[in-house]
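K.L.:
The numbers in my numbering rise by one with no breaks, and the one at position 70 of the sequence shown is 70.
Because the hints were derived from the structure by calculation, they are not lab data. Ideal Cβ placement from N, Cα and C applies to all residues, glycine included. Worth double-checking, as some hints may not be accurate.
Claimed, not checked - Using C-beta positions, here's what the derived DEER-type ranges look like:
| no. | residue 1 | residue 2 | range |
| --- | --- | --- | --- |
| 1 | 182 | 159 | 21 to 31 Å |
| 2 | 160 | 67 | 12 to 22 Å |
| 3 | 134 | 156 | 45 to 55 Å |
| 4 | 102 | 168 | 46 to 56 Å |
| 5 | 134 | 184 | 38 to 48 Å |
| 6 | 145 | 121 | 45 to 55 Å |
| 7 | 162 | 131 | 46 to 56 Å |
| 8 | 114 | 177 | 25 to 35 Å |
| 9 | 88 | 160 | 46 to 56 Å |
| 10 | 187 | 121 | 21 to 31 Å |
| 11 | 186 | 78 | 55 to 65 Å |
| 12 | 67 | 93 | 52 to 62 Å |
| 13 | 156 | 176 | 28 to 38 Å |
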Amino acid sequence: MRVSLRDSLILDDKMTEKDDADLLNNVVSLESMRARRKGLGSQEPTKAHDDPQPTAESALEPIPGILTWLRCPTCESLEYTEIEMKGRRRHKCGTIVDEAEVALDVRAEYTLTKINLERIDLLAEYLDSQRRLFQEYERRLEIIAGEVPEPYALTGDPMKTLLVKNVDPLGLLISAALHDPASRFKDDDDG
Numbered sequence: 001m002r003v004s005l006r007d008s009l010i011l012d013d014k015m016t017e018k019d020d021a022d023l024l025n026n027v028v029s030l031e032s033m034r035a036r037r038k039g040l041g042s043q044e045p046t047k048a049h050d051d052p053q054p055t056a057e058s059a060l061e062p063i064p065g066i067l068t069w070l071r072c073p074t075c076e077s078l079e080y081t082e083i084e085m086k087g088r089r090r091h092k093c094g095t096i097v098d099e100a101e102v103a104l105d106v107r108a109e110y111t112l113t114k115i116n117l118e119r120i121d122l123l124a125e126y127l128d129s130q131r132r133l134f135q136e137y138e139r140r141l142e143i144i145a146g147e148v149p150e151p152y153a154l155t156g157d158p159m160k161t162l163l164v165k166n167v168d169p170l171g172l173l174i175s176a177a178l179h180d181p182a183s184r185f186k187d188d189d190d191g
C-alpha cells in the first residue's frame, strides 16, 4: 500500500504524485545520515540480518539522531517529526511552518520514554485504585444520606468553601473526614 507524503506529512494540498516522488528522493534516511556523520559518505542502508550482533560496548554508545520541531505561526500548533526533508513544509492550513532541528541521542530518548511509559502504567494502576476507592466512598455516602445527594453548586474555590483538609499529589481533594484516618485511633502505647 502506497502512503502519500501528502497524507503522512504536513505538506501543500495541491501536490501531485510526481511531487510526492520528488519529495521521497529528498527524504534523508537515518542510515545515510549516520554514514555522513561518520564521514563514510552515502551508503546503501544495510539489512538488519546483515548486521553483526551488538556488543556490550555498542549497547552503551549513543545513537545520534535528529528530531525536527514544526511550528505553524498561523495556527500556533507545535508538532514534531523524525523525517528530515530539504525544502519547506506546509501546514494543513497552507502556512509554511517554522522548523527547528534538535540533535539527540536516540538511545537516551528511548530509555527515558521506556521509563516514562512504566511510570504512566503505575500511575494508571494507582488512578484505577483511587477511582474504585472514591466510587465506593460515593456509594457509602449515598447509603448514609438515604438518597443520592445533590452536590453543592460551587461558584468559588472548593478549597475555601468545603472542608478540604489536603490535596494529594494527583490534585484530588481530601476532606477532613478522609484525611489521616490512622490518627483517629489511640495507640496502645499511649494508654
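K.L.:
Are residue 187 and residue 121 spaced within 21 to 31 Å by their CB atoms?
P.N.:
Once the Cβ atoms are compared, 37 Å apart, the range 21 to 31 Å for residue 121 and residue 187 is violated.
K.L.:
Quick check: does the Cβ-Cβ distance between residue 88 and residue 160 fall within 46 to 56 Å?
P.N.:
Since the Cβ atoms of residue 88 and residue 160 sit about 52 Å apart, the hinted range of 46 to 56 Å holds.
K.L.:
Within 38 to 48 Å or not, the Cβ separation of residue 134 and residue 184?
P.N.:
Because 20 Å falls outside the window, the suggested range is violated.
K.L.:
Within 12 to 22 Å or not, the Cβ separation of residue 160 and residue 67?
P.N.:
violated (44 Å)
K.L.:
Would you say the C-beta atoms of residue 114 and residue 177 sit inside 25 to 35 Å of each other?
P.N.:
Between residue 114 and residue 177, where Cβ atoms are some 40 Å apart, the hint is violated.
K.L.:
Looking only at beta-carbon atoms, does the pair residue 182, residue 159 fall within the given range of 21 to 31 Å?
P.N.:
Because 24 Å falls inside the window, the suggested range holds.
K.L.:
Taking the beta carbons of residue 102 and residue 168, is their distance inside 46 to 56 Å?
P.N.:
At roughly 35 Å between Cβ atoms, residue 168 and residue 102 fall outside 46 to 56 Å, so the hint is violated.
K.L.:
Could you tell me whether the CB distance from residue 156 to residue 176 stays inside 28 to 38 Å?
P.N.:
At roughly 18 Å between Cβ atoms, residue 176 and residue 156 fall outside 28 to 38 Å, so the hint is violated.
K.L.:
With 45 to 55 Å as the target window, see if residue 134 and residue 156 comply at their CB atoms.
P.N.:
violated (22 Å)
K.L.:
Within 52 to 62 Å: is that where the Cβ-Cβ distance between residue 67 and residue 93 falls?
P.N.:
violated (23 Å)
K.L.:
Is the distance from the Cβ of residue 162 to the Cβ of residue 131 consistent with 46 to 56 Å?
P.N.:
Violated - the Cβ-Cβ distance for residue 162 and residue 131, about 20 Å, lies outside 46 to 56 Å.
K.L.:
Hint says 45 to 55 Å; check whether the CB-CB distance for residue 145 and residue 121 agrees.
P.N.:
Once the Cβ atoms are compared, 36 Å apart, the range 45 to 55 Å for residue 121 and residue 145 is violated.
Figure legend: structure checked against the earlier numbered hints; hints not met, in rising order: 2, 3, 4, 5, 6, 7, 8, 10, 12 and 13.
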